[in-house]
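Keeping their order, the protein sequence lines are chains A and B. Residues in the first sequence are numbered from 1 upward in steps of one, following this note's numbering. Residues in the second sequence are numbered from 302 upward in steps of one, following this note's numbering.
In case anyone wonders, no lab produced these hints; they're calculated from the structure. There may be inaccurate statements among the hints.
[To be verified] Result set (PhoX-like, lysine-lysine): computed pairs, CA atoms no more than 25 Å apart in a straight line:
id	chain 1	residue 1	chain 2	residue 2
1	B	K405	A	K88
2	A	K193	A	K94
3	B	K405	B	K367
4	B	K366	B	K405
5	A	K193	B	K405
6	A	K193	A	K107
7	A	K94	A	K107
8	B	K341	A	K88
9	A	K90	A	K210
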Amino acid sequence: MSASARHGALSLAPTYYDALRRLTLELAGINLGANHAFLVETRLARLAREEGYESLDAMVNELFQTGGSRLAIQVVSALTERDTHFFKDKTAFKRLREIVLPDLHHKRGGGRIRILSFGCASGQEPYGMAMVLDQMRDELAGMKVDIVGVDYPSQALERAREGRYTHFDVQRGLPVRDLVQYFEPDNADWVIKDNIREQVEFRDIHLLSKLDSLEDFHAVMFCGSLPHYSAPARVRVLRGLSGLVKENGYLILGEGESLSQMNFGFNRVTTESGLYKKREVIIEPEVDPTLKIPNGRTTFG
Amino acid sequence: MKTCLIVDDSRMIRRVAGRIVKDLGFETLEAINGQDALDKCMLELPDAILVDWAMPIMDGFDFVKKLRELPGGDEPTVVFCTSVRDVSRIVEALAAGADEYIMKPFDSDIIESKFALAGLV
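Build the full structure now, drawing on both the sequences and the hints.
Rendered as C-alpha cells:
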C-alpha cells in the first residue's frame, strides 16, 4: 500500500459502532460503555494507519466482511487497552510488598516463586513488581522470582517487551529515584535496564481462553479490569485465574474490586476486599465400608 | 491552605504551572530566580517549591542547597521542574535536597503525579 494511502482521511460509518461493541463483548467480555464512539475513533484510527489501511472504514469493512481472527483480535486489543502507568494501583502494590511477598518468603524460605501480571498492557505493572523485588532483595534473601506478564497480542505488549517508555510514561507514578536506578535515557525515550527486563517474561494470550498454557503461580495480580467485564466473562476469567493460583497462593485485585458473592476457592485475607488466598484442597481419606467404626464406648467383657 | 512557591525565570511557565498547582489546592507564590526565591523563603517558608534549574543570578541547584541550610529549610518539599534530563544531574539534584523531579515539557498529570509521590496531595 502506498504511503499516501496510509495517511488517508479516517472516518467510520455509524452502523459499525454497535457491531464493534458487540464484537468486544463477545471476544473479550468487556463492555465498552455507551459513549464508545470517541474511543473507537481515536484508538482504531491509529491501528488503521499502522496497519496500512486507506481509512478506518476500510479496516472495519474488512473485519466484518472477511471475519479474520487476527484483525479481530488486533481491533479488540486496541479497544480494550488500559490507560496505565507505573504503580497505578498503590493498594495492590502495598499488599504485594507488605503481605504477599513476606508471607511467601516466610513459608517457603527460599526457592523459586512465580508471579503473574494478568492483563499487563504495556508492561508497567510487571516491571513495577520487578522493581519492588529488587528493593526487597535483602528481606527476601534466597528467593528467586519469575514474573510473567500476559495480555492480548497488541502493540502495547510489544512496547512492554521492548521496555521502552516515553518522557510522559516515566513521569506518571514512577518515583524519580526509581527512574534513575532502573532506566537509561535513549534519545527522547527511557529504556528499562537489562537486570529488570530479564526478570519479566511477556506472553500473548487470549485472556478469556483456557489458560492451560500457563503454569501455576504463587501470586496473581489482576487490577483495574474486572469492573469492565460482563457478568459471564467475569465468572469465566476468575474461574480461569483460580485454576492458575497454587494452594495458599494469592490473588491480588485492584482497589475497590472484589470477588463479590463468589469465592472460586479463595478466602479473603484482609478485612478489606481485594486480597485473596487460595484454600488448600483437603482430601478426605477413603473409608472401607466393611470396617467397623469405633463408637467411642469401651466395653469390658 | 498549603502554599507553593513557583521559581522560574519564564513568566509563561510560572503562569502555566501556577494554574495547575492552584487546581491541586495550593495558594501560589512566584519568584523569578534562585536569589528571589531565597529572599522569599527567608521571610516565610512555603509548603512546596517547584523550581527550575537554569536561571540567571542564582540557579535552582544553588538555591536548593542554600534553602536546606536555612533554619527549618528542610521542611518544604522541593520538586525540580527543568529541561535538564541527564541522569547524573538528576542524582545531583536529589543529593542537594530535591524530593522529586519533573522533566519539561510537563502537563497537569505529571505535576499531580509528582506532587502525590512527594506526599503533597
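Quick check: which numbered hints come out false for this structure? 6, 8 and 9
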